[in-house]
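S.K.: Sequence:
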Amino acid sequence: MTILDRRRDPRGRRVLITGASGTIGRALGARLTAAGAHVLGLDLRPTGDEPFPVLRCDVTDDDSVTAAVAEALTTLGGLDVLVNNAGTGGPAPAEYAPGAEVRRQLEINLLGTWRTTAACVDALVAARGRVVMVTSRMAVMQLPLAAAYGASKRAMVAYADALRLELAPHVGVSCVYPSAVRSPIHDSTKAAGLSLEGMSVYEPLEGVLDAIGKAAFATRPHRDVTTTRKGAVEFFLARHLPALTDRIVTRTLAARTAAGAFDGAALAAGVLARSGRTGRNRGEE
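The opening residue of the sequence shown carries number 1 in the UniProt record's numbering; numbering runs sequentially from there.
Just so you know, the hints here were simulated from the structure itself, not pulled from any lab data.
There's no promise every hint is true.
As the list claims (entries may be wrong) - So the derived label-pair ranges between C-beta atoms look like this: (1) Asp161 <-> Asp49: 36 to 42 angstroms; (2) Ala243 <-> His170: 36 to 42 angstroms; (3) Glu107 <-> Leu244: 29 to 35 angstroms; (4) Ser200 <-> Tyr96: 18 to 24 angstroms; (5) Pro53 <-> Thr23: 17 to 23 angstroms; (6) Tyr202 <-> Asp63: 36 to 42 angstroms; (7) Arg103 <-> Ala243: 29 to 35 angstroms; (8) Thr219 <-> Arg274: 48 to 54 angstroms.
To be verified - Listed next, the in silico SDA-like pairs over lysine to any residue satisfying Cα-Cα at most 20 angstroms (straight line): (9) Lys230 <-> Thr250; (10) Lys214 <-> Pro169; (11) Lys214 <-> His240; (12) Lys230 <-> Leu244; (13) Lys214 <-> Ala168; (14) Lys214 <-> His170; (15) Lys214 <-> Arg8; (16) Lys214 <-> Arg164; (17) Lys214 <-> Asp224; (18) Lys230 <-> Arg182; (19) Lys230 <-> Ala258; (20) Lys214 <-> Ala232; (21) Lys214 <-> Glu203; (22) Lys214 <-> Val181; (23) Lys214 <-> Ala35; (24) Lys230 <-> Leu267; (25) Lys214 <-> Asp161; (26) Lys214 <-> Gly12; (27) Lys230 <-> Arg251; (28) Lys214 <-> Ser200; (29) Lys230 <-> Val249; (30) Lys230 <-> Ala243; (31) Lys214 <-> Ala243; (32) Lys214 <-> Asp9; (33) Lys214 <-> Asp62; (34) Lys230 <-> Leu241; (35) Lys214 <-> Thr228; (36) Lys230 <-> Leu143.
Just so you know, these numbers come straight off a predicted model, no measurement behind them.
Virtual Cβ for every residue (Gly too), placed ideally from N, Cα, C.
Take these sequences, add in the hints, and give me the full structure.
M.R.: Here it is as structure tokens:
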């Protein structure tokens, strides 16, 4: 189902998208622009060839966000929908002390979202608008070796919950939970030898765009929106049967480790040691 199938017409709606030059943000902006919405994007590194205007903005910097959002609101003439899509990932096992990588992910995924939303609140209240948080399946079902990403996305949901309570009934706040979409966000994890291939199944980008559209334009705001049927099942199990999902993920991790998926990865040293695979290099049996 496409955005145009929704009851609220996106034509003429003023939409601001963060992370607008990335895989999801660019595709979403292009779709909404084609549907007649007035779209403006924010991104740290605009490419310049997006099919809608994108302003440079560093969501980790207060002054950058203040200036970019002010320009965006002036250009759009207000704001009906804010899509908090900017985000980053990377390897960060939970057993190691937090370092620069952990702080980077928290600063972008959580505080960047918070910073940008706060700058848009007055305009959203005035328009009785909508905030869409592009979170992750890992906000409810954590995967190993990527603790910072899961923690930042779960915290993002907690922020959304507080925002929803504070702004009700003037602004609707929805969280969208994609699983995994093929994009450069996975490159650093793969380079560190901690690829979660086999633990996550990539899903179609179109389904993620449909879910964001549902969150943004449904007549009555949805609290939580999953992106696939499988994602809906995982969301239900993680919320209501967390011990079961823990067992499933633990067994999958053990199987992937036994198959040598993490051999030679320095950040997986603890997992390898506990599995008896200490010192093995990739391809060594």
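S.K.: Each hint should be assessed against the structure and marked as holding or not.
M.R.: Comparing the hints with the structure gives:
For Asp161 and Asp49, the hinted distance range of 36 to 42 angstroms is satisfied, since their beta carbons lie about 37 angstroms from each other. For Ala243 and His170, the hinted distance range of 36 to 42 angstroms is satisfied, since their beta carbons lie about 38 angstroms from each other. At about 33 angstroms, the CB distance of Glu107 to Leu244 agrees with the hint of 29 to 35 angstroms. About 22 angstroms separates the C-beta atoms of Ser200 and Tyr96, a value consistent with the hinted range of 18 to 24 angstroms.
Roughly 19 angstroms separates the CB atoms of Pro53 and Thr23, a value that falls within the hinted 17 to 23 angstroms. Restraint check, Tyr202 to Asp63: a C-beta distance of roughly 37 angstroms satisfies the suggested window 36 to 42 angstroms. Checked against the hint of 29 to 35 angstroms, the pair Arg103 and Ala243 passes, with Cβ atoms roughly 31 angstroms apart. At roughly 51 angstroms, the beta-carbon separation of Thr219 and Arg274 lies within the given 48 to 54 angstroms, and the hint holds.
Under the criterion of a C-alpha separation no larger than 20 angstroms, the hint pairing Lys230 with Thr250 is consistent with the structure, at around 19 angstroms. For the suggested pair Lys214 and Pro169, the alpha carbons sit about 19 angstroms apart, so the restraint of at most 20 angstroms is met. About 24 angstroms separates the Cα atoms of Lys214 and His240, which puts this hinted pair outside 20 angstroms; it is violated. Straight-line distance between C-alpha atoms of Lys230 and Leu244 comes to about 16 angstroms, which keeps the hinted pair within the 20 angstroms bound.
With a C-alpha separation of about 19 angstroms, the suggested pair Lys214 and Ala168 falls inside the 20 angstroms cut-off, and the hint holds. Annotation: proposed proximity of Lys214 to His170 holds, straight-line Cα distance about 18 angstroms (limit 20 angstroms). A C-alpha spacing of about 9 angstroms is found between Lys214 and Arg8, which places the hinted pair at or below 20 angstroms, so the restraint holds. Only pairs whose Cα atoms come within 20 angstroms are accepted, and Lys214 paired with Arg164 is accepted, the gap being roughly 17 angstroms.
Note on Lys214 and Asp224: the hinted pairing holds, with a Cα-Cα distance of about 10 angstroms set against a maximum of 20 angstroms. This hinted pair checks out: Lys230 and Arg182 have alpha carbons roughly 17 angstroms apart, not beyond 20 angstroms. Restraint check: the Cα-Cα separation between Lys230 and Ala258 comes to about 26 angstroms, which exceeds 20 angstroms; the hinted pair is violated. Distance restraint check for Lys214 and Ala232: the Cα-Cα separation of roughly 15 angstroms lies within the 20 angstroms cut-off, and the hinted pair is therefore satisfied.
Pair hint Lys214 plus Glu203 holds up; C-alpha atoms about 17 angstroms apart against a cutoff of 20 angstroms. Restraint check for Lys214 and Val181: satisfied, since their Cα atoms lie roughly 18 angstroms apart, inside the 20 angstroms limit. Between Lys214 and Ala35, the direct Cα distance comes to roughly 14 angstroms. Compliance with the 20 angstroms bound is thereby established for this hinted pair. Pair hint Lys230 plus Leu267 does not hold up; C-alpha atoms about 30 angstroms apart against a cutoff of 20 angstroms.
Between Lys214 and Asp161 the alpha-carbon distance is near 18 angstroms, which keeps this suggested pair within the 20 angstroms criterion. Of the pairs offered as hints, the one joining Lys214 and Gly12 holds, with about 17 angstroms between alpha carbons and a cut-off of 20 angstroms not exceeded. Between Lys230 and Arg251 the alpha-carbon distance is near 19 angstroms, which keeps this suggested pair within the 20 angstroms criterion. Distance hint between Lys214 and Ser200 is unfulfilled; the C-alpha atoms sit about 24 angstroms from each other, more than 20 angstroms.
Distance hint between Lys230 and Val249 is fulfilled; the C-alpha atoms sit about 15 angstroms from each other, no more than 20 angstroms. Pair hint Lys230 plus Ala243 holds up; C-alpha atoms about 18 angstroms apart against a cutoff of 20 angstroms. Between the alpha carbons of Lys214 and Ala243 the distance comes to roughly 30 angstroms, so the proposed pair goes past 20 angstroms and is violated. Annotation: proposed proximity of Lys214 to Asp9 holds, straight-line Cα distance about 11 angstroms (limit 20 angstroms).
Under the criterion of a C-alpha separation no larger than 20 angstroms, the hint pairing Lys214 with Asp62 is inconsistent with the structure, at around 30 angstroms. At most 20 angstroms may separate the alpha-carbon atoms for a hinted pair to count; Lys230 and Leu241 meet this at roughly 15 angstroms. A distance of roughly 13 angstroms separates the Cα atoms of Lys214 and Thr228; the hinted pair therefore holds under the 20 angstroms criterion. Distance check on the hinted pair: Lys230 and Leu143 sit about 16 angstroms apart at the alpha-carbon level, within 20 angstroms; holds.
The structure shown violates the earlier hints numbered 11, 19, 24, 28, 31 and 33.
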